[in-house]
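Work from the hints to combine the two standalone chains into their complex.
Sequence order for the protein chains is X and L.
The numbering of the first sequence is this note's numbering, which starts it at 1330 and goes up by one.
The numbering of the second sequence is this note's numbering, which starts it at 2 and goes up by one.
If you're looking for bench data, these hints aren't it; they were derived computationally from the structure.
If you're wondering where the values come from, they're calculated on a predicted model, not measured in any experiment.
It cannot be assumed that every hint is accurate.
Unchecked claim - For each label pair, taking beta carbons as the anchor points, the in silico distance ranges come out as:
#1 L/SER81 / X/PRO1440: 16 to 26 Å
#2 X/GLU1483 / L/PRO90: 50 to 60 Å
#3 X/LYS2165 / L/ALA78: 22 to 32 Å
Claimed, not checked - Facing chain X, from chain L, some residues (calculated, C-beta under 8 Å):
#4 GLN3
#5 GLN23
#6 ALA59
The beta-carbon is built from N, C-alpha and C at its ideal position, and this holds for glycine as well.
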Amino acid sequence: MSTPFRVAGHGRVDRSATLAFTFDGTAYTGHPGDTLASALLANGVHRVATGITYGRPRGIVAAGVEEPNALVQIEAPFPEPMLTATTVELYDGLVARGLGGRGRLAATPDPARYDAKHLHAELLVVGAGPAGLAAALTAAGTGARVVLLDSAPECGGSLLGTREHIDGRPAQEWVDAATRRLTAAPNVTLLTRTTAFGHYDDHLVLALEKRTDHLGAAAPRHLARQRVWRIRARQVVHATGATERPVAFDDNDRPGIMLASAARTYLHRYGVLVGRRATVFTTNDSAYDAALDLADAGVEVAAVVDARPTVPERLSRACAERGIPVHAGHVVTGTSGVDRVSRVHIAERDGRGARRHGVDCDVLLVSGGWNPAVALFSQARGTLRHDAGLATFVPGGPLAAVRTAGAADGLRTLGACLADGIAAATAALTALDIAVAPVPVPAADTELPHPALELWRVPSPRDGVDGAAQFVDLQRDALVSDVFRATGAGLRSVEHVKRYTTVGTAHDQGRTSGILASGIVAEALGTDVADLGTTSFRPPVQPVAFAAFAGRDRGDLFDPVRVTALHAWHQEHGALFEDIGQWKRPWYYPLPGETMDDAVRRECRAARTGVAMMDGSTLGKISVQGPDAGCFLDRLYTNVMSTLKPGRIRYGVLCGVDGMVLDDGTVLRVSDGEFLLTTTTGNAAKVLEWMEEWLQTEWPELRVHLTSVTEHWATIPLVGPRSRDVLAAVTDGLDVTADAFPFMSRRDTVIAGVEARVCRISFSGELAYEVNVPSWYATSVWQALYDAGRPLGITPYGTETMHVLRAEKAYPIIGQDTDGTVTPQDLGMSWVVSRKKKDFVGRRSFGRAENLRADRKQLVALLPVDGHTLLPEGAQIIATETIPAPPVPMLGHVTSSYRSAALERTFALALLRSGSERVGETLYVPLDGRTVAVTVAEPVLYDKEGARRDG
Amino acid sequence: MQLIPCPWCGPREETEFHYGGQAHVPHPEDPAALDDEQWARYVFFRDNPKGPFAERWAHTAGCRRWFNAVRDTASHAFLSVYPVGAPNPLGDGSRQGQEAGA
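Pulled out of the complex, with its shape left as it was, chain L reads as follows (with noise of 0.2 Å):
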């Protein structure tokens, strides 16, 4: 049983969280300006890298805030917590191929 640490409520375990997937994908200002592929990359594109990765997750069962994690994907271990909105640590370029979501 791991513990994450919530930015607001400190280590708490695992099974009070959802897992909210990769971060940093925001939903496109004007999707009807997108082509079909432009918008499928948004709505069903994921990266999924092995090692350092940015994600979303939800503190449900606890405080219910919605907050972004570097996790290692090899090693499940957390390596940063931080607010929504703030930048990505791993920097802009971890979303390769994401072109609708600038």
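Chain X with its partners taken away, still in its complex shape (with noise of 0.2 Å):
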């Protein structure tokens, strides 16, 4: 297969291997060392897309990163949109296609590996141009550690593409022996494919290396495809190149117009002609290598277009010796072609589109100057500053340790730019007191280029809008027209236009669109670009995959999973689970055929009627201990607890120093020095992290440390009227009776073997049991409470029935009944406040005006009137059977909702305002177009008196 764009003695891609590919459904050929661009490009092809708002043919516009326009989706070996063909590497096998904008995700789970990795080091260089290579070679032989980074596979940056030379010998001697030197200095660590794209805080850059990705299906499946580095090194230089920025014009958009620098780039890296007949329309030097390159490669330049009234004399001799036509003081004032240029034309700049004529050529090349890439500069805080001789923004100067060198520092020669790379480093360095030893600067071109022009765009010669035929943006279709609404809408800041047109916000960051669209605003203000300055630049510099992000976190690694010891023995026994927080808890256990209600309903007669048991060892447990641990525990709860006897338990609430309630649990005295208090499953941590900021940052001169014990017990509850009997036969000699293991009071007692701590504690208001072992032996313990269980019939229980079970007795949920706006006293709890002590956290706003209010959202139950409709939680109360009109008052709303096997009803629990006063009233909880009635309840609708605590 011919590719006949491709010109010999040309290039640095491996001619003697062919790579196939297929593109648009076409197969084609390439070699190693093309991207998807060069290859298409190779055979001919420019059309590669489609514009998203218009569906104009588009084609390749740059060499790089920077391109705007030829995104491609790959579909093979594993689909991937919204790449640039500029970037991805050729590999066989590949199929791509061109894009209208979008793309498409795969539909089926990436099966490639992605990681990350941390890497530390006094000197970060990114981009291995000639700067950085000059900085990285400074700074390896101090022996300090090194980072250099670059986005190509291979370093030499802008030296790849052009045909420089550097000690009198073609620069690529020089590069390949600095890389050679750098890979081999232990130092010194050299990542290619990898794009540093956020510069963030305290120097952390964040880079991303395509490791696998340009080896197609071939890839091993064992290396990451993807690394993200997390670099924070103590000094860091950009040097990261510039960006050629082209010129706006009727009808810039057609495929075979690109940027000067590309073309060249496609001849020198690539072996790669761009087009038989080009013009070049430029506004500075630097196109003129381009149009003098390829003219040398065989290339017919049928006219260079220069909007400055003059032409230096070194650049117009070497035209004339080609037989290149030079028009100086010209422009190009539109375009002409079907599915790629045919046709420029071009006219005095002054003469306002007088004497137009055309020349034929099937590419155009555009220079319109050169955009230093300071991205990273700028999200690293470092300032810009208009530059009025290069026509565009620089590094207003280094931060303390953050740099510029090369081009990124707004440097034109090759000589300036290795100069500024030595320094750069040494500056670095020196800051960081490292001593470099002076390194000779390589002798290179050092000849300045004469001042470019600067030229945003073209006026439009046609009638009509101007500029409606513009492109400023060509990923996002914005025009100048549309810059032009902008600021005719009253626009005068970059950033505001930038958001009403979309400008600079595709996938390219706008690299080429962004100062262009700067310049567009200035002069449609009539103000000067110096003064509107550039949009802020944001990371990612580069678009990354959210797979890249994500690393390893992925599927079971995505949020640690957090399971009791006792998580087997309920798998085996057919429990489905709920998450609360990272924990996995048992939700209810259905026997074949149950729905969930069934199964809750059955669970919860157990509980009422006969045995049940569930796993409880998700209940936060802190361990306080010390001399002073009553005192503390006086401090932080409503209630009193210096008072507790060793063995004792007493239940407890925490309040902010706002008086709402922020956990409720039980505290254990274990010895005369020892508490053991327990937290709501979700809160464990938070309320230990608020007990140490009330010991640390209040009272540091008490005796007392703080421990977590969560999971160094497992807590079993035994609950129902037949607990006792099972008790009885899992313990030798504990005497059980009432008299003898009263209410909230513990007993030490072995069990299967095992010491066990075992509390009577009730959360349903049956006589129950709290048996607590060291986590390991968990299962034994637990296995042996239920062999001992089943001939009366013991059944193990979830959190479904659990909540039933406790809101039956308006037990509150912190954080569920609760929501932060809550007194104990507005869940019916003043019995937990001490009125005895003097102070205690949160004691002073229980006197606070709002707080005594008689209309605060107090807790209540709430009966469906029908005795049957299940209210949603969340679901809000109102006074009337009808909706009002808006705005409804609402009274508040339903907090936990249930179906109550022991009242044969559904019920709820509310916050309503004024909610004790309305006991008995009748209101209304709107669902679905309709209203429910409801009757307000003392929240307590289960054994009021208590009876059955005791069994």
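Below is the structure:
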């Protein structure tokens, strides 16, 4: 298969090997070292995509990451959307197609691995072009840890695409020698195919390494496809180069219109001619390099159109030698062509389109000047200043630990870039007190180019709306006329214009369009672009796949899963699980054929009439130890804990300084100097941190230590009127009678050979015990209890049944029945607030006027009048049967709602304004367009007198 | 990802820390002696300056210790860190209108 535009004697691709690929359904070939873009151009393919809004044909504009146009979708070996053809390395079997702005995510999970690595260094150099290589070489000799990154598969940067010389030899020889030296240096980490995409606080630079993308289907499965490097460097040098920018003119989006430097790169790096007959449109000297190199390689250069009134003598002579017509003081006013540019219209710049004439060509190479790549520097909070000579924005000066070098610094000659790289590395290391031996600057071109002309766009010679066919952002299909509409609407800031027009918001982050847009806005407003500035540069500099950010944190590793020591038993016995924070808790244990309602009803009945057991191990547990532990707890809990006798237990509530309930739980006095308290499952870490806060910041004089023991103890509530029988059966000689083992006390015993702490605590109102054993022995103790209970029909139950049982008794769940605006009094728990203690956290707030209002929201029960409607949790409560016109006065909301086996009806808990005064009233809950009548009741619905507690 | 200099562990990434709000706002000795407004000042009111600010931080994913720091709220730079109980490097006047903490 022939590749007609490949030219002999140029390029770094390996012609000895051929790669087959398919684009838009057509089979082509290329070579190792090609990008998809260079391989397409070698086959004469320019049209690769379609404009997103207007559907116009689009071609390849650039040769690197700045590509605004040539977006492709890879279909095989694995679908990946929205890649630029200029950065996709060619591999055998690649199947891709051009995009109209939107890609398609894979419908199947990505089988590739992604990972992340941390790296620490004294000096990070971003970019391995001439300045970056010079900087890294300078630092390599000091022994300091150096990291050098480059997006390309090999070092060299711009040198790969030009024909320059260093020390009198082709620059590539210097690049090869530098690469060898850096690769061999033990203190240097050289990462190619690695793009720094964000510069964050304290010089954390994130970079994406594409490790196996270029191998296609041949990529080894055990290697991470992409890796995010988290590089923390003490000094950073951005040698990120510069990006050529275009000029806007009519129909500037046709395939075949590209950046002049890109055409030069395709020739020198890939051995590809971008066309047969070229027109060059420029505002500066650099496009002449492309014109002359292309002419020397056999391209007919039909015209050089230079917007400057005079052309430098050296350049006009070189053009004359090659027979290239030069049109000084001229501009391109428009183009013609169907799927590709076929003719360029030029006219005198100050002639307002008069004496327009056409030049036939198949490519138009444009250069509107160069923009230093300052996105990373700007993210590092570096400032920019406008440079009139360069007609662009350049770094304002180095920061304490971040500096720019080379073309990123606004330098325009190879010699100056090399010297600047050496100077930047020297300055960076000197700032770290690392001595740097003087490094000689390699000899290279230092002849400054002639001044560039600042030209953002060529006014439209056509009738009608100016700029309506001039594209500022090719990817967003945003026009010059859109920018004018924005300024016409009164927008004055480029940030606002960016959002109004979407210029600069595409995958390329406005690399080629951003400063162009600033210039056009300045022109429209009649202001100086220097005062207008640029839009902010934000990470990521280049699109990064979510999979790369996720790295290994996918699937089972996405979030840690916490399971109790009894998890396997629950799984074997058919439990379904509920996520409570990171915990997996048994939700209910359906028998074959049972619905959730069936299972929960059965579990509830067992707990109320027989015996049931659950896994309560996820309860937060905090050991509080020290001589002042009692005093400490008195200051935090609303009731008195210091008077607890060892072996006794008390329920307690914690409030914030605002008097709102923070958490609740039980406090067991283990010994004089040791308490064990429990917290709500989801609040354990928060409560421990909160207690540490008071201890460390307010009362450092208290001799108290806090330790989480949540995972040390397995906790098994044994619940129901027959629980005493089960406990008696598994313990030898423990007196389980109510008198000998009273409510809220603890006994030590041995169960299944394991020392156990048994507490008489009830979260259901039933006679109940809480068996605590070291987690290691949880399963054997659980099994012993289960076996002993089998003759009595012992039933394992989950969180749903636990909720029903506790709600029937109006025991609140903090965070479900409360929301940070609820006091103990609102919950009907004034009894838990000590009147004797002088102070505790939050006490003073109970006396605030707001907290004394009679119309606070208070916890009540709601009984649907029909007896069977299950109110949704979160449902609002209103006073009238019909829903009034908005705004509807809301009286409160449902916090918990269940079906009760014991009550043989549905019921709910709710926070209701003036709730305790409304007991007995009928209110309404809107549901599915109607209202449900509910009766307000005292919150405790089951066993109000507490008769069941002792069995 | 900012580095925060924990006085005990050295510089660590910010995700290891929890913010604890304004420092040097002690719990009043005798809350019962305060009227509602004085108490509300302690509970609800905090300074919000642009510039150096004395704050509390906790190294929750590290040593679990609380410490104080002066941070520039405009640049996020940590200007100093110091132990709980040490005097406010910004002086006593930084908490204006704070009668309750006296």
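Violated hints, by number in ascending order, as checked against the structure: Failing hints, ascending: 1, 3 and 5.
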